[in-house]
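Produce the entire structure from the sequences given, and follow the hints as far as they go.
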Amino acid sequence: MDREPAFSAYVSARRAQLYRTACLLCGDPHRAEDVVQDALARLYRNWSRVTRADNPEAYIRRMLVNSHYSDRRRPWRREFASTSVNLPPLEPGLAPEDADVIWTAIRALPPGQRKVIVLRHIWDRSVEETAADLGISPETVKTQTRDALAALRRALQSDFGTPSLQGEER
Amino acid sequence: MRDQDVITRLVELHDHIHAPATPAGEDALRGERLVRRRRTVSVAAAAAVAVLTVGVVQASLSDDHSELQPAPAPLSPAPTDPGDPLRIDGDPFATEFNKIVAQVPDWSIADIQEMFTNEPCAGDWSSAARGGSGGNFDVRTSGEPGQVWHDVIGFPSAAQASGAVDRLVTNLASCKEVAWQTQPIAQTGAVLASSVHGLMWIQQNGKELSTLTAVTNDGPPPLAIQIKIADLMRSDLRQRRD
Chain A
1124 MDREPAFSAY
1134 VSARRAQLYR
1144 TACLLCGDPH
1154 RAEDVVQDAL
1164 ARLYRNWSRV
1174 TRADNPEAYI
1184 RRMLVNSHYS
1194 DRRRPWRREF
1204 ASTSVNLPPL
1214 EPGLAPEDAD
1224 VIWTAIRALP
1234 PGQRKVIVLR
1244 HIWDRSVEET
1254 AADLGISPET
1264 VKTQTRDALA
1274 ALRRALQSDF
1284 GTPSLQGEER
Chain B
6 MRDQDVITRL
16 VELHDHIHAP
26 ATPAGEDALR
36 GERLVRRRRT
46 VSVAAAAAVA
56 VLTVGVVQAS
66 LSDDHSELQP
76 APAPLSPAPT
86 DPGDPLRIDG
96 DPFATEFNKI
106 VAQVPDWSIA
116 DIQEMFTNEP
126 CAGDWSSAAR
136 GGSGGNFDVR
146 TSGEPGQVWH
156 DVIGFPSAAQ
166 ASGAVDRLVT
176 NLASCKEVAW
186 QTQPIAQTGA
196 VLASSVHGLM
206 WIQQNGKELS
216 TLTAVTNDGP
226 PPLAIQIKIA
236 DLMRSDLRQR
246 RD
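Protein sequences appear in the order of chains A and B.
Note that the first sequence ends on residue 1293 in my numbering; no numbers are left out.
Note that the second sequence ends on residue 247 in my numbering; no numbers are left out.
Everything labelled a hint here was simulated from the structure, so no lab data went into it.
Built from N, CA and C at the ideal position, the CB exists for glycine as well.
Take these hints with a grain of salt, some might be off.
[Unchecked claim] Computed cross-link-like contacts, BS3-like style, restricted to lysine-lysine with a CA-CA straight-line distance of at most 30 Å:
| no. | chain 1 | residue 1 | chain 2 | residue 2 |
| --- | --- | --- | --- | --- |
| 1 | A | Lys1265 | B | Lys181 |
| 2 | B | Lys212 | A | Lys1265 |
| 3 | B | Lys104 | B | Lys233 |
| 4 | B | Lys233 | B | Lys212 |
| 5 | B | Lys212 | B | Lys104 |
[What the hints assert, rightly or not] From the structure, some residues in chain A lie toward chain B, with a derived Cβ separation under 10 Å:
| no. | residue |
| --- | --- |
| 6 | Glu1156 |
| 7 | Val1224 |
| 8 | Val1241 |
Right, here's the structure in full:
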């Protein structure tokens, strides 16, 4: 298994980050673990091809997002905002009450907006890169980003907002 | 509250999520099992082709100069036993889909990760949706292993689902980069959209709409297969409502 040392080094360096991001994508820490396991298994299978690619990070990102889709089809579930909130375990430094408010807000976003927000602001992808990763137009990325930020702003306003700073940044 | 404050909060939560400590070796083991499963499927498919070929050759060599006998093991219907290499655990839709496409030996589906069209030609045709579920699943056709995308989207009303179908078809027809043709599939209520890059089945049942996207350079499969896939999608939608 020639690929194993390099693969293991990659996993050691990146797994925690992939898991955190998957948590935001899925809105569920248990599903996030399944998604990461699935993505990494696929990555292992395609390791030689991925490491030959010009942009392996983009390939890995797509696998994680596609694994998220795959997870969503097993079993059938509707993506309505759920009433139960499984806040993942936290590292020290963030108050659980604050984390709970942010967690609830991100979970309430429609899946498409959640994906766009994660790609744009967690992975720091540009509008064009996000559009390419998701197979949607840049205009749709912009619209979904705007709508998602507006929804998050509304949700977080009462707990974190300062009335004098209300309003969107353009 | 500004957008930057929202993003800061989001990143703060992200960075404080505690990731479980999982040895990298476990992920490698899972990957190795996936590789072995793929090999098993490949070997099983190759063995099936070999058996078929031997059957045809034996038939042609036997009985002096009598006419060629049909192959002993037709590809259709596909096997259904638990050892079926086309079986995908926990996903009956994917398993049935694989059995259908196995009946078209010269038709291949590529890996959808190479070209994923989620919202073709822009335009949000599903904005009225109330929920949905979708994902890729593995497909074994005559070429390299591939994947298809299948999803189901729920709408508040059948009229809104129907409107979404119209918008999706209009979006596809408006594509400037790739020419899409759309046509109804006889007696199934489904629409098949095709382009040089791939195919999309669109099936509606009441408030729910299902799409299935396959990347292929081989064009649409025979009509009988188109119908079977459309029927499978319709049956899947009905089961979800029950």
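Unsatisfied constraints (hint numbers, rising): none
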